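Colleague: Here's the letter readout for the chains.
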Amino acid sequence: MKKKRINAYGLLEKIRKDGPVVHHLTNWVSIYDCANAVKVFGASPVMAHAPQEAAEMAGIASALVLNIGTLTEGLVEAMKIAALSANKKGIPVVLDACGAGATGLRDKSCFRLLDETKINIIKGNASEMARLAGRSVRTKGVDSAIIETDLKPLAGKLAGRRRSTVVITGKEDVVSDGSRTFIIKNGHSLMSHIVGTGCMAASVIGAFAAVEDDLAYAAAAGLVCFEVAAECAAKKSKGPGTFKGRLYDCMYALDKKTVDTLQRVYVE
Amino acid sequence: MKKKRINAYGLLEKIRKDGPVVHHLTNWVSIYDCANAVKVFGASPVMAHAPQEAAEMAGIASALVLNIGTLTEGLVEAMKIAALSANKKGIPVVLDACGAGATGLRDKSCFRLLDETKINIIKGNASEMARLAGRSVRTKGVDSAIIETDLKPLAGKLAGRRRSTVVITGKEDVVSDGSRTFIIKNGHSLMSHIVGTGCMAASVIGAFAAVEDDLAYAAAAGLVCFEVAAECAAKKSKGPGTFKGRLYDCMYALDKKTVDTLQRVYVE
Amino acid sequence: MKKKRINAYGLLEKIRKDGPVVHHLTNWVSIYDCANAVKVFGASPVMAHAPQEAAEMAGIASALVLNIGTLTEGLVEAMKIAALSANKKGIPVVLDACGAGATGLRDKSCFRLLDETKINIIKGNASEMARLAGRSVRTKGVDSAIIETDLKPLAGKLAGRRRSTVVITGKEDVVSDGSRTFIIKNGHSLMSHIVGTGCMAASVIGAFAAVEDDLAYAAAAGLVCFEVAAECAAKKSKGPGTFKGRLYDCMYALDKKTVDTLQRVYVE
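Here the protein sequences line up with chains A, B and C, keeping their order.
Mapping of the first sequence onto the numbering used here: position 20 corresponds to residue 16, and the numbering continues sequentially without gaps.
Mapping of the second sequence onto the numbering used here: position 81 corresponds to residue 77, and the numbering continues sequentially without gaps.
Mapping of the third sequence onto the numbering used here: position 95 corresponds to residue 91, and the numbering continues sequentially without gaps.
Simulated from the structure, these hints should not be mistaken for lab results.
Keep in mind that the hints are not guaranteed to be accurate.
What the hints assert, rightly or not - Here are some, though not all, of the chain B residues that point toward chain C, as calculated from beta-carbon distances under 7 Å:
hint : residue
1    : ILE2
2    : TYR5
3    : GLY6
4    : LYS35
5    : SER40
6    : GLN48
7    : GLU52
8    : MET53
9    : PHE107
10   : ILE142
11   : ILE143
12   : ASP146
13   : SER175
14   : LEU211
15   : ARG242
16   : ALA249
All of these numbers come straight from a predicted model, not from anything done at the bench.
For every residue, glycine included, the Cβ atom is placed at its ideal position computed from N, Cα and C.
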């Protein structure tokens, strides 16, 4: 594994300049934070889940983010409609497999989306991604049930089989498109003590994928910017509550020097 | 255009004294903020969207706020039921036309509510209001796609045609009931860097309309109080995240002297 | 009424050690705060309302929290499925009767859940609980419409009739299982000036009930920890907005000495 400097800030600058529309069909817990994360980074979030408008809204967007955190059968049907519209238009689709491995409905819904539409970026924690790779893991609600020393083979294999970019988040994040693997060692433990940072990461990845065709690179850059901002926010926080407010401040104010200095990216 | 002093604080005082119930059928992104904005100003928010109780809940309320931000066909049907109940009771109905002009479903839903119920206050950004006035505008998700120098004619014409009060929010807000026009030049740029301030404005207008029959005056007063609080909050903030917390502090603590000193209202 | 020292912190320690999964079917207004309250206290929240997975998710949980704040008929049906699964597994079920007494649908839904499933802890404000006890109270949306000097008989009678633990929140909280009554005199007035603290209290009670079989004791301990944290947060806040962030900080950092020193619990 070799340390590598990536121009993550360059993509953030592009988002701020272009303000791409990022369409979401997401969960009702972190829906505000998914939208706001995208907003403070300079993109234009839109949340629209009615089956009658999902395709049309995807048509005016530059990326689509799906998150099954509080799924229903009807919502998954609308996700499929939106994804097929995004596929047709050629914009990237991100799937946050929130809670895969916890119930049959979550597994079935993920597999349905993966099989019947083109998902360009699959994202989840170790437990969720192991389940999508076919292992019989029992996710603890939406928290990971497994801790592995090396998640790179899991990411690489799933990426190869699904011809997608795979993102496994955790203390270290693994991003693989089957040929290259990025490891991101940024972030702060406070992120795991509040609800929604995982969902926010998927939305941020959507915003970065909206402005960069190399999706593994875009995902890595998005995670770097989000997690470097979290490191800055943690320094100014008294706990998880004030951290959340500061996180948005730091995302909004993030500059090139900070991103370049604090990033810890490795490639294989 | 002439500068005019309005007694915006007088209405806020009435809200704090009476604690009117403000019923919402709103979106899942900013639903907490819609409720909390109304709450910190002293009113009593209630969110109830089941068609089986929408009419009954509107019946115990003093104002009804509808927001189509994450609409579905079923939700719009419930909005219609609630609006007809509010109409019957004679309480004001506010419609936030969130995302009108972005999809056919949003346009169709707004026109249906406007045609089949009495909407007393129609609120949106320039792009959304232009769409409702019949122009072929393509709203950028929920962000305005047009910037105009003078929105007063648009507001006035739509107000006249719909016999409603029209509120167009932006850098400057325009409020017209067809005969009078208020321009509010308060607010702060940080408001446009977080999600939900537009929705909060509609809810605040609902609370003010609950205590004042002159709806253009109520809407103008609500915007003044909300945006003066935002100006105070911005001074104490480090960015959009801390701004949000401070905004609620400042709304809660808003006093007569601050409102009277900082308000910048113009009439025509 | 006698002052009594309870080992509330002991249960919090157990939550932090075990990280129990707390399954919710709750409302769309405070869903983030319900999840985050449980999270910062060390439990693992999961929100899942699809009827197809509600039973399975309850099966991997250690407690179930139901909240009818933004109910629909379909959601109440899913709540019933989840509750029956929780009953079968023997994990405690908490019902927050949010808005009972405001509409017929809310009353009917509460009675249906109480009659057709086993609810172990029933929680609400004075107005909501009076309605569930059969009185013809008209709740003001989700705010209580009655102020009584002594709510202990109401709590005791309802607890006896339903063979449940009853929690009435207010300036003073009353917890009764029909034989014992706890009065908790902690908390801060800022809690009533933001939306969602009542819902958060129900979720916190769920987390405490997940690690303690004596449900009245668990509910009292949960309220003590939540409200002592609120007292600490209020001291560091400038208003209701900054209070909210500080509340999470103080919940996360809550220690034995603070809980033991500040708790004000009385028994009868």
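Colleague: Now look at each hint and say whether the structure bears it out.
Modeller: Hint check:
1. ILE2: 25 Å, violated
2. TYR5: With a minimum Cβ separation of about 18 Å from chain C (threshold 7 Å), the hint on TYR5/B is violated.
3. GLY6: The hint is violated - GLY6/B has no Cβ within 7 Å of chain C, the shortest such distance being about 21 Å.
4. LYS35: 5 Å, holds
5. SER40: Given a least distance of 5 Å, the restraint on SER40/B holds.
6. GLN48: Given a least distance of 5 Å, the restraint on GLN48/B holds.
7. GLU52: Holds - the Cβ of GLU52/B comes within 7 Å of chain C, reaching about 4 Å at its closest.
8. MET53: Because about 6 Å separates MET53/B from the closest Cβ in chain C, which is inside the 7 Å limit, the hint holds.
9. PHE107: 25 Å, violated
10. ILE142: Because about 31 Å separates ILE142/B from the closest Cβ in chain C, which is outside the 7 Å limit, the hint is violated.
11. ILE143: Because about 31 Å separates ILE143/B from the closest Cβ in chain C, which is outside the 7 Å limit, the hint is violated.
12. ASP146: 35 Å, violated
13. SER175: With Cβ-Cβ at 34 Å, over 7 Å, it is violated.
14. LEU211: Cβ of LEU211/B sits 22 Å from chain C, so the hint is violated.
15. ARG242: 6 Å, holds
16. ALA249: Because about 6 Å separates ALA249/B from the closest Cβ in chain C, which is inside the 7 Å limit, the hint holds.
Hints 1, 2, 3, 9, 10, 11, 12, 13 and 14, counting from the list given before, are not met by this structure.
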